[in-house]
Amino acid sequence: MINNVKSYIKTWKQRNEAKIKEWRLMLEVFKRSPLALTGLIFVTIFIILGIIGPYITPYDPIKIEFSTMLEERLQPPSLKHFFGTDEYGRDLFSRVLAGARVSLMISLAVMAIAIPVGLVLGLIAGYYGGVVDEIIMRITDVFLSFPGLVLAIAFSATLGASIWSAMIAISLVWWPGYVRVVRGQTLSIKQSLYVEAARAIGVSTSKIIRRHILPNVITPLIVLATLDFGSVILVSAALSFIGLGAQPPTPEWGRLIADGRRWFPEKWWYTFFPGLAIFFTVLGWNLLGDGLRDILDPRFRRKIEFKEGGK
Amino acid sequence: MIIEDNALLRVEGLRKWFPVKKLLFTIGYVKAVDGVSFSIRKGYTLGVVGESGCGKSTLARAIIRLIEPDEGKIFFDGKNVLKLKGKELLGFRRRVQIVFQDPYGSLNPRMTIYDILKEPIETHRIDIGMDVEDYIVSLLERVGLRKEHLYRYPHEFSGGQRQRIAIARALALKPEMLILDEPTSALDVSVQAQILNMLKRFQKEDKLTYLFITHDLGVVRYVSHYIAVMYLGKIVEYGPTEEIFNNPLHPYTKMLLSAIPVPDPKQARQRKKEKPIGEPPSPINPPPGCRFHPRCIYRIDKCNKEEPELVEVEKKHYTVCWLYSRK
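First to last, the protein sequences are chains G and F.
With numbering that gives the first Met the number 0, letter number 261 in the first sequence gets 260, and the count goes up by one each step, no holes.
With numbering that gives the first Met the number 0, letter number 184 in the second sequence gets 183, and the count goes up by one each step, no holes.
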């Protein structure tokens with residue numbers, strides 16, 4: 000008997016059959032949702048531009064060409080300058096492309112700080128409860144009791160106007176939301192029977208958290224983080240817009256809109272195209288986040304599976 | 000007494016009260032388990048029956064220390080379970096395992112059956128004398144599943160199959176005792192029978208000791224050697240299974256037995272009805288004296304004043320009721 004058991008459990012494909020099936024289903028759900036696909040396309044474009052944007056611009060996004068500045072100044076969109084030019088004669092298309100990097104950097108940095116902090120504090124508060132939970136949650140409550148943008152402005156103003164201070168300010172505002180979500184999820188999973196079963200077996204606390212709680216916490220966190228990406232971009236643009244955050248000559252979308260305001264509405268392209276960039280990026284992240292929520296929800300996936308079975 | 004000296008598991012005066020808090024003050028206690036004593040000999044099954052909310056599940060969880068009881072002693076194989084720490088506690092967990100009621104909640108939806116069954120083996124590093132995979136397949140086959148099921152997720156199985164997996168997980172460590180917390184009440188009747196027969200077979204093969212918790216009197220009659228009837232956190236009657244069914248002593252036990260539906264309507268009408276009165280009272284601040292007195296049709300004067308003591312009415316058949324008190 001033992002020998003034929005061995006021969007059965009050989010290949011990776013057989014071993015991971017259920018996992019592969021699950022991934023296939025996820026892909027299937029994704030393919031059936033045009034909105035999620037649109038979101039994915041926008042987000043992919045944004046990320047690619049964020050990485051290579053500054054290298055593929057047709058003109059230098061920062062340097063001012065003094066020799067041609069006067070005749071190139073505030074030109075409307077044309078084949079030469081797709082998005083027109085600003086008051087220094089710089090190509091706005093180049094500046095918007097290069098601006099993707101700043102937004103991507105800020106939002107990635109915020110996520111890289113806020114998610115781990117939220118995860119660790121949320122897991123501790125949720126699993127251990129008691130005094131530790133009280134302390135962590137009251138501190139997060141203090142942060143959550145202010146409107147996020149106001150708090151970010153306050154931090155950013157204190158830290159001085161720069162991209163770095165914007166990153167830190169937004170991160171400081173963002174982590175409490177994740178603590179809440181992770182703690183709530185941890186609390187409910189902690190009481191599940193499979194965690195009780197693991198405790199009855201004698202599995203150590205750290206293993207219970209790693210193996211049973213973390214994987215079930217991470218899914219809603221991914222969805223939330225995806226949805227939040229757009230909001231972080233909006234807040235960072237808002238900070239730059241009011242003069243905190245990115246400083247000239249750094250091309251940043253919020254900053255571009257602020258600079259273009261002076262010439263609005265006659266030179267509409269100056270504010271319009273950076274605004275459009277923000278709009279599509281935020282929309283893309285939101286659509287993708289909504290799509291991911293459906294995909295990562297096993298119940299939703301099952302529905303698709305059953306429909307397929309009925310065909 | 001109910002407690003026998005040579006028993007594998009002895010529970011003495013176990014108490015667990017859950018505080019009920021309002022704002023910052025404790026306004027009362029849910030007396031889930033309130034002074035419960037019993038024992039189980041090796042290889043036997045003790046069935047614990049009672050209505051929902053009588054403290055059966057709390058009792059089960061307290062015995063394997065998923066809940067820390069407030070008072071009382073639990074001896075397993077002579078050692079006080081409540082004093083165990085670290086390695087000794089781990090050793091106890093290896094010897095006593097639990098199967099829960101809900102097979103949909105007791106298996107982690109993100110782990111394959113292989114991972115679920117590997118966890119206990121990994122945790123205890125027990126000597127199984129063969130490859131882990133082979134051992135897990137042998138476990139699956141023992142509970143009536145196939146090796147093809149090894150790398151699937153719980154949601155691909157039916158309730159009965161999931162319960163088999165949960166039983167396989169409990170058996171993975173070759174325990175001496177299983178606590179079965181309503182293991183069949185979430186399943187179809189036909190599946191229930193299969194699981195019960197399987198459990199009976201394992202008991203014979205491995206000389207397992209069972210603490211079988213259920214509210215289903217038919218099930219408890221089928222599997223148990225002894226029965227303890229629980230009411231509001233206390234054991235009100237204890238005795239050998241057939242003795243309890245043929246000669247119930249406590250009015251509550253009589254009421255429970257009369258509530259078993261009879262397939263024949265004529266017989267049902269003829270049957271002397273011990274009419275149940277009302278619902279069980281809240282376990283927060285239970286009635287004084289005998290806790291059953293507000294629902295009891297045999298109530299006498301002192302029932303609501305003094306709490307009756309345990310008396311042995313027949314051989315090994317105990318009850319807690321003034322009707323049988325010698326005083």
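These are calculated hints, taken from the structure and not from any lab test.
Given the structure is predicted, the values throughout are model-derived calculations rather than measurements.
The C-beta atom is built at its ideal place from N, Cα and C for all residues, glycine as well.
Any given hint could turn out to be false.
What the hints assert, rightly or not - No farther apart than 30 Å at their CA atoms in a straight line, the calculated lysine-lysine pairs in the DSS-like style are these: (1) F/K84 / F/K72; (2) F/K146 / F/K253; (3) F/K117 / G/K12; (4) G/K206 / F/K21; (5) F/K314 / G/K189; (6) G/K206 / F/K84; (7) G/K12 / F/K84; (8) G/K20 / F/K146; (9) G/K20 / F/K117; (10) G/K189 / G/K206; (11) G/K189 / F/K20; (12) F/K315 / G/K189; (13) F/K78 / G/K206; (14) F/K253 / F/K199; (15) G/K206 / F/K173; (16) F/K173 / F/K117; (17) G/K189 / F/K265; (18) G/K189 / F/K41; (19) F/K41 / F/K314; (20) F/K199 / G/K206; (21) F/K253 / F/K265; (22) F/K117 / G/K189; (23) G/K206 / F/K146; (24) G/K189 / F/K72; (25) G/K266 / G/K18; (26) G/K18 / F/K265; (27) G/K189 / F/K253; (28) F/K206 / F/K78; (29) F/K265 / F/K72; (30) G/K206 / F/K314; (31) F/K203 / G/K18; (32) F/K82 / F/K72.
Claimed, not checked - Some, not all, of what chain G presents toward chain F, calculated at C-beta under 7 Å: (33) G159; (34) S161; (35) L192.
What the hints assert, rightly or not - Between beta-carbon pairs, the in silico distance windows are: (36) G/L34 / F/R145: 39 to 45 Å; (37) G/S144 / F/E67: 46 to 52 Å; (38) G/Y54 / F/R145: 54 to 60 Å.
30 Å limit on alpha-carbon distance, applied to hinted pair G/K189 and F/K41: At roughly 33 Å apart (the allowed maximum being 30 Å), F/K41 and G/K189 break the hint.
Is the hinted pair G/K206 and F/K21 satisfied, with a Cα-Cα distance of at most 30 Å? violated, 35 Å
Hinted pair G/K20 and F/K117, Cα distance within 30 Å: With a Cα-Cα distance of about 22 Å, the restraint between G/K20 and F/K117 holds, given a limit of 30 Å.
Is the hinted pair G/K266 and G/K18 satisfied, with a Cα-Cα distance of at most 30 Å? violated, 55 Å
Sort out whether G/K18 lies within 30 Å of F/K203, counting only the CA atoms. At roughly 38 Å apart (the allowed maximum being 30 Å), G/K18 and F/K203 break the hint.
Is F/K117 close enough to G/K12, meaning Cα to Cα at most 30 Å? Distance ~20 Å between F/K117 and G/K12 Cα, so the pair holds.
Please verify whether G/K189 and F/K72 have alpha carbons no more than 30 Å apart. holds, 27 Å
Taking only the CA atoms, is the gap from F/K315 to G/K189 under or equal to 30 Å? Violated, because 42 Å separates the two Cα atoms, which is more than 30 Å.
Interface hint outcome for G/G159 [beta carbon to chain F under 7 Å]: Constraint on G/G159 not satisfied, violated at 44 Å.
Decide if the proposed pair is consistent with the structure: G/K206 and F/K84, CA atoms, cutoff 30 Å inclusive. Holds, because 18 Å separates the two Cα atoms, which is no more than 30 Å.
G/K189 and F/K253: Cα distance at most 30 Å? violated, 40 Å
When you check the alpha-carbon spacing of F/K146 and F/K253, does it fall within 30 Å? violated, 47 Å
Taken one by one, the earlier hints fail for this structure at numbers 2, 4, 5, 7, 12, 17, 18, 20, 25, 26, 27, 29, 30, 31, 33, 34, 37, listed in ascending order.
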